[in-house]
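Chains as they are written, first to last, in my numbering: chain H, 1 to 253; chain F, 1 to 252.
One or more hints might be untrue.
Selected chain F positions facing chain H (Cβ under 10 Å, derived; list incomplete) [what the hints assert, rightly or not]:
1) Val43
2) Thr51
3) Arg56
4) Phe67
5) Asn79
6) Asp98
7) Leu130
8) Glu134
9) Gln185
10) Gln212
11) Phe233
The following residues of chain F were derived to be distant from chain H, with all beta-carbon distances above 10 Å [to be verified]:
12) Ala15
13) Leu118
14) Leu213
15) Ala247
Hints are computed from structural coordinates only; laboratory data are not their basis.
Ideal Cβ positions, reconstructed from N, Cα and C, are used throughout, including at glycine.
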Amino acid sequence: MAVPAGSPRRAAAIAPASNTGRHTAIVRVTHWITTACFFALLVSGVEIAISHPRFYWGEAGNVLTPALFVLPIPASRSTVPTGYGFVLPDQNGWSRYLHFQAAWAAVLAGLVYVVAGLFTRHFRKNLLPGGGDLSWRAISRSFADHLRFKPPGAGEAWSYNVLQRLAYLFVIFVLFPLVIWTGLAMSPAVASAFPLAVTVLGGQQSARTIHFFVSVFLVVFLLVHIVMICLAGFGNRMRAMITGRGGTHKEHV
Amino acid sequence: MSELSRRKLISTGLAAAAGASGLAVAARLADRYGLIPPDHGGVYGLGETMTYASQRLLTHSSLAREFPRSQISKTPFANGEPYQGEAFKLLQAGGFADWRVVVDGMVARPASFSPAELRSYPSSSQITHLACEEGWSFIAEWTGVPLVHVLNAVGILPQARYVVYFSMQRGWWDSIDMADALHPQTLVTYGMNGGALPVGHGGPIRLRVPRQLGYKSVKYINHLTVADNLKGFGKGLGSASPEGGYAWYAGI
Chain H
1 MAVPAGSPRR AAAIAPASNT GRHTAIVRVT HWITTACFFA LLVSGVEIAI
51 SHPRFYWGEA GNVLTPALFV LPIPASRSTV PTGYGFVLPD QNGWSRYLHF
101 QAAWAAVLAG LVYVVAGLFT RHFRKNLLPG GGDLSWRAIS RSFADHLRFK
151 PPGAGEAWSY NVLQRLAYLF VIFVLFPLVI WTGLAMSPAV ASAFPLAVTV
201 LGGQQSARTI HFFVSVFLVV FLLVHIVMIC LAGFGNRMRA MITGRGGTHK
251 EHV
Chain F
1 MSELSRRKLI STGLAAAAGA SGLAVAARLA DRYGLIPPDH GGVYGLGETM
51 TYASQRLLTH SSLAREFPRS QISKTPFANG EPYQGEAFKL LQAGGFADWR
101 VVVDGMVARP ASFSPAELRS YPSSSQITHL ACEEGWSFIA EWTGVPLVHV
151 LNAVGILPQA RYVVYFSMQR GWWDSIDMAD ALHPQTLVTY GMNGGALPVG
201 HGGPIRLRVP RQLGYKSVKY INHLTVADNL KGFGKGLGSA SPEGGYAWYA
251 GI
């Protein structure tokens, strides 16, 4: 029988002898800073989007040009036709300030995390899937386990399964850089210094539209992440990310 | 207290002191090189300062993207109703011949300019993006005289650090630093898409600051003041925008 990722045998090789050390301090601190920033960015991002819930492709777009798509929500501006009879008050002032402040904190926390992760071999040890794990068989088995909502084995108290590793790597090295890039591409000043960063995306309105979709992907990731934590044992996983202590003794509850 | 914890305490203390003095030095340097925005106070001041400082270092003399004529938006959106003030309508009835742009403050020769005088200067045209903070935008050809030309005509004094500009529309005023004021694309604009600048788009005179969001391109400009600091204007936050909750620097 093939050994699935995160099986006890695999975990035995990874788990430290003591009952500590699931997550390092840097991982935990940057995780919670990112969490706080993500919620700030989400609330303020929604607030900014509803002032003009129309999206375009290309360089320019406004209410007089056809939209790529329109969110069926009321706009905080009466000049934006929404089909609704009421408008929300424009809250872009504080939401823009909060959005950029949280973005700075998230980017700095992310830089600390990535640099520390390279130095401590966090990515290689914990996130890069092992060679055997990348076979279709291992991935489809992990996929099937997830679809059956199978609770994680004891080994997963110490290490990530292959789907988890791929999801985290995708978020850290694809979605986060993309959301930062498309955010910066909306800035007229950044566009003046790095015009190519805008044109390869298809224009400033394209950057805004991509920014929106990447944000949606990140929210979907967050929802799956929370569901998985609940399935794996909310208390254990939260304790591991807060105190750093893992532990197998309470895993099967 | 054990030897280890004392050593830890001392090294933590030293690190904290080094960090604090490092921050103080950074703040002094940032202020000296003009990297601190006027709205640096308050809960969002740190993020705002980091945005302004980093972008000033990266974009000091970069040029806003210009587009081919084919990219000009067929439907430029004029935000808001054209200004309806009584005095404005009188000037409009006269074809804005009596409009004046007063330039004063820290200048050698304060002066005022009519639209005709501004048109007599060498003109400059640019096809640039006007992007609103809300997310919509359009591309238009803007024609005017570079602000740097007007500033040279009145002779700015060496201590000048900001240009404050006022709209005839009550409540609208803003300011830019010298990097933007002396920037070749910052335009005292009187024309759009080959014709006169329509009133809906800020005619007769609008200041175009193409490296910042649309709200920095204030409409109906009739007064420019060169200043060495922004404390004496409004609440001292640099423009009407921070007073209404928006960032002074809008390069984002």
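- Quick one, is the Val43/F hint okay against chain H at 10 Å, beta carbons? holds, 8 Å
- Residue hint Glu134/F, partner chain H, criterion CB-CB below 10 Å: holds, 4 Å
- With chain H as the partner, please determine if Arg56/F meets the hint condition of a C-beta pair closer than 10 Å. holds, 9 Å
- Message: Under 10 Å is the threshold here; is the Cβ of Asn79/F close enough to any Cβ of chain H for the hint to stand?
- Response: holds, 8 Å
- Per the CB criterion, is Phe233/F less than 10 Å away from chain H? Nearest chain H Cβ about 19 Å off; hint violated.
- Item | Proposed interface contact between Asp98/F and chain H, which counts if any beta carbon pair is under 10 Å | At about 32 Å, which exceeds the 10 Å cut-off, the nearest Cβ of chain H leaves the hint on Asp98/F violated.
- Message: Minimum C-beta separation from Leu213/F to chain H exceeding 10 Å: can you confirm that?
- Response: Contrary to the label, Leu213/F does not stay out of reach of chain H, its closest Cβ about 6 Å off (not over 10 Å).
- Task: Hey, is Leu118/F genuinely clear of chain H, shortest beta carbon separation above 10 Å?
- Result: holds, 24 Å
- How about Leu130/F: closest beta carbon in chain H under 10 Å, or not? holds, 9 Å
- Query: Taking the closest Cβ pair, is Gln212/F under 10 Å from chain H?
  - Reply: holds, 6 Å
- Query: Per the CB criterion, is Thr51/F less than 10 Å away from chain H?
  - Reply: holds, 6 Å
- Verify the interface restraint on Phe67/F: the C-beta must sit less than 10 Å from at least one C-beta of chain H. holds, 7 Å
The structure does not agree with the numbered hints 6, 11, 14 and 15 stated previously, though it agrees with the rest.
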